[in-house]
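Q: Next come the chains, spelled out residue by residue.
2 protein chains.
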Amino acid sequence: MHLTGELLIGGESRMGTNGEIKGVNPATGDTLEPAFGGATKADVEQAAALAAEAFGPYRSLPYETRATFLEAIAEHIEAIGDDLIVRVMAETGLPRARLEGERARTTGQLRLFASVLRDGGFLEARIDPALPDRKPLPRPDLRLRNVPLGPVAVFGASNFPLAFSVAGGDTASALAAGCPVIVKAHPAHPGTSELVGRAIQAAVASVGLHPGVFSMIHDSGYEVSQALVADPRVKAAGFTGSRRGGLALAAIAQGRPEPIPFYAEMSSINPVILLPAALKARAEKIAPDFVAALTLGAGQFCTNPGLILAIDGPELDAFVTAAGQAVAAAPASVMLTPGICKAFAHGVAALAEDPQVTTVARGQTGQGHTGQAGLFSVAASAFLANPHLHEEVFGAASLVVRCADQAELAAVIDALEGQLTIALHLEDGDHAIAGALLPALELKAGRILINGFGTGVEVAHAMVHGGPFPATSDAKATSVGTLAIARFLRPVSYQNLPEALLPAELRTDNPLGIARRVDGKMKLG
Amino acid sequence: MHLTGELLIGGESRMGTNGEIKGVNPATGDTLEPAFGGATKADVEQAAALAAEAFGPYRSLPYETRATFLEAIAEHIEAIGDDLIVRVMAETGLPRARLEGERARTTGQLRLFASVLRDGGFLEARIDPALPDRKPLPRPDLRLRNVPLGPVAVFGASNFPLAFSVAGGDTASALAAGCPVIVKAHPAHPGTSELVGRAIQAAVASVGLHPGVFSMIHDSGYEVSQALVADPRVKAAGFTGSRRGGLALAAIAQGRPEPIPFYAEMSSINPVILLPAALKARAEKIAPDFVAALTLGAGQFCTNPGLILAIDGPELDAFVTAAGQAVAAAPASVMLTPGICKAFAHGVAALAEDPQVTTVARGQTGQGHTGQAGLFSVAASAFLANPHLHEEVFGAASLVVRCADQAELAAVIDALEGQLTIALHLEDGDHAIAGALLPALELKAGRILINGFGTGVEVAHAMVHGGPFPATSDAKATSVGTLAIARFLRPVSYQNLPEALLPAELRTDNPLGIARRVDGKMKLG
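These protein sequence lines map, in sequence, to chains A and B.
Note that the numbering used here numbers the first sequence so that position 118 is 449, with each residue one more than the last.
Note that the numbering used here numbers the second sequence so that position 38 is 369, with each residue one more than the last.
Just so you know, these hints were derived from the structure itself, not from any lab.
Because the structure is a prediction, the values reported are computed rather than measured.
Honestly, I wouldn't trust all of these hints.
Which copy is meant is left open, because identical chains are indistinguishable; a pair holds if it fits in one copy or across any two.
Below, a list of computed lysine to aspartate or glutamate pairs in the EDC-like style, where the Cα atoms sit at most 16 Å apart [stated by the list, open to error]:
no., residue 1, residue 2
1, Lys466, Glu431
2, Lys854, Glu455
3, Lys616, Asp648
4, Lys852, Glu455
5, Lys611, Asp643
6, Lys353, Glu337
7, Lys611, Asp759
8, Lys353, Glu364
So that you can see chain A by itself, here it is in the shape it has in the complex (with noise of 0.2 Å):
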């Protein structure tokens, strides 16, 4: 493993010139070699005027073409080996089984995007033939099929340094649409970042495609990621982080002349809704689970269970005892960056302080950047006047909000703001109740799960890592699973084309084989 610090700009690579970028091991807090340089606004038109050179061809190859493409970077991002574990180590302070699943994870998903490529559907091919005769007026020939929007940056996410980060669920996506892609990579793991990256580069290379389609720039501000927001030839941007970052950007693209859309996940508290029968029935089995999921990773999860609802009485009594003493015995852990950590430790801190916030249990302190687990619990009528208690803190801290009666569950329930996941733990008992709240949770969440929590985000066909707002920016889109294409993406319809100059999924004798709907009726291919 050789890092040299530079910025990838098409095929080529160079040193940034706008300051430097270290990463720190959050375990140790020793900073890391080597200095990364910053990109200049120079290097963001380059790299988009590259990615609008390379959008022609790469969007015309064929459909194989581009899986194959995917496939070659996930080859190239195993063939680095140990030493993307042991970089990721030292620069997230996340442990080496989390990492090489992640890893897993990661090349999984490209892999399962080739998958889609070859699938077609993801094209939503459409055909109404011709009517000749139709009175008063013929039908023309109509065909639709999706195209993809053009160049798309990503910005690298720092709890996810494989999965939501270079070569992360987003650059899959939109490569496997047919857009290039510019990212920025996260400042807490630049070193991951090039190794990731120049696999890409490698891959980009070794399928022989036009060297605009990947670029990789390094920023630590703001500038940077503004100006490649702004750049009129970017068409869409992939971003995880905070809402304050998120919306920001967001204003950006929707300020420009041409506005794009922005697709930021940013803000989740995840609540886990704790129905009577489930609770009677086992409490105390639902805590330690709960609590594991609280904890892992540091909780910095974007699914982190940040929110327990339930119907005070004993049983909640006995599940919060039972969560507190978990809590208690729950290690500190390393957060992935001295920043998160302290941004963490005022959360919980206010928390803490609040009046009617009553502690129930902290974890156990750590040295370093570390974390300690927090759970809290507070009335429910305290919960619905304080907005402010239904704000996101990141990590392993967690508020049980105590409600009088059913009608008061579901009075919190729609005073949430929009989640990425709700989670249901209930017995056959509880199906009455459940039932009752489900219409009012499909319209806070974009997933709603049963006896679990958010924390297993499936990469599947059927995922749907998103949620109405602050969850993400776009309750319409996920950015995880096959659906994750669609982001970017728009149909175009053409009419009385020429066989010759149709493309191959709408011609008539279907070449590539794809499930289309002929004249409103879906036909397997």
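Knowing the structure of chain A, use the given hints to seat chain B on it.
A: Quick look at chain B alone, frame taken from chain A:
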């Protein structure tokens, strides 16, 4: 036919108290009775509150009931009989045949969405069955379907008083999606709006729905529209109108505490590209067809051909001469409103006075609020240098851009803003140049059509009536055709739900018999 001038709020009607609006017969200039009362912000509040209340029961109806409701609206519109046509003629100056066709389009569109509901494809159902034995971790059961967003605001368009107004495409697709609708009637046809609005009210009653499913308000200013888009209970909006109006409302939609999707169709000049072999073979045949499309409905179509692009030479001269003759013979046409007529006259005067623009021909003049068709020409170099020449002149005016060669034609295409449609006129000998241009055209328009004009917008499964900014505010959406329903839906994922709690479309036994994607493979119902 008895018009009261009242607002329709849920199942009630009452006279608005915020000023009054009267229709004007643009053919005669006569004011039409009765006066329609303008809505207050309190009326908006009440309509929104009723819509929010109706949303839960409405979205939980069986899809078959929703389909029946759409069909009932169509029947109630037909039951108005000729009174409807007579009133629309008086308010718009549009001829009977056009309006009878537009009525059929409107009822046909409602019935098409009924068939969409029965087909179930709009739900985008996906099932990834559990894999309990998968290593290293089991896969949960994941199922996905689309759910409606919530109450939708619809802004009636001036130029399609039936098909894009109270019961038009936006309303039909929103109601099909499961969203209650609040229509802001266009002040140019308030009587038409009341007739159609009462037909919807009658359908709501006859099917026994919650009356909040539909409301309609009148207003001729901005404040009430702004209040409607800003209301927290409104979750999406559909708009057809001016670029300025669309952008102003879009900014409100994005600036809300909870931003919402705002689907605005705003501005398009719909380039028509005449390729060399086609020009050579039939310049004089294309010309009258073009002028017929240009002057249809006084040029008041979103898809009116406002721009002709071709390579300069004697064949283009022949086309321009023939088209000029046809324009010169074109009778003056009554325009929709005095305001639209005045704006058209201003736009045409600006073209005529531009020193770089040649006036090829003007049509016949007429009395009252009539538009005089206009054909102009300009060198591509001047077109490229003057962005104001790219702006829409709403009405029967078109500009021929003379390109020196294929490279300059390509440069003009690259310089265009986003469009609803681009038409290519071609012969077999033009396939090479058409094939070379197509990738660029796909990035500029929502629909590409061959040997025709964009003015016929088929209501079909494969239609896209949309396109990149500023044609619309969201290039991923269409406002015509069955795909329009997707604007008002978002996906929700269900993890490990017991069968008893799953919606019918996701139950394992597929009781609705719909097509679903199972484990990534499309399966017919």
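Q: For each hint, tell me whether it holds in the structure or not.
A: Outcome of the hint check:
no. : hint            : verdict
1   : Lys466 - Glu431 : between (64 Å within a copy, 14 Å between copies)
2   : Lys854 - Glu455 : both (12 Å within a copy, 15 Å between copies)
3   : Lys616 - Asp648 : within (13 Å within a copy, 84 Å between copies)
4   : Lys852 - Glu455 : both (12 Å within a copy, 14 Å between copies)
5   : Lys611 - Asp643 : within (12 Å within a copy, 83 Å between copies)
6   : Lys353 - Glu337 : within (12 Å within a copy, 68 Å between copies)
7   : Lys611 - Asp759 : within (12 Å within a copy, 76 Å between copies)
8   : Lys353 - Glu364 : within (7 Å within a copy, 74 Å between copies)
The structure fails none of the hints (numbered hints given earlier).
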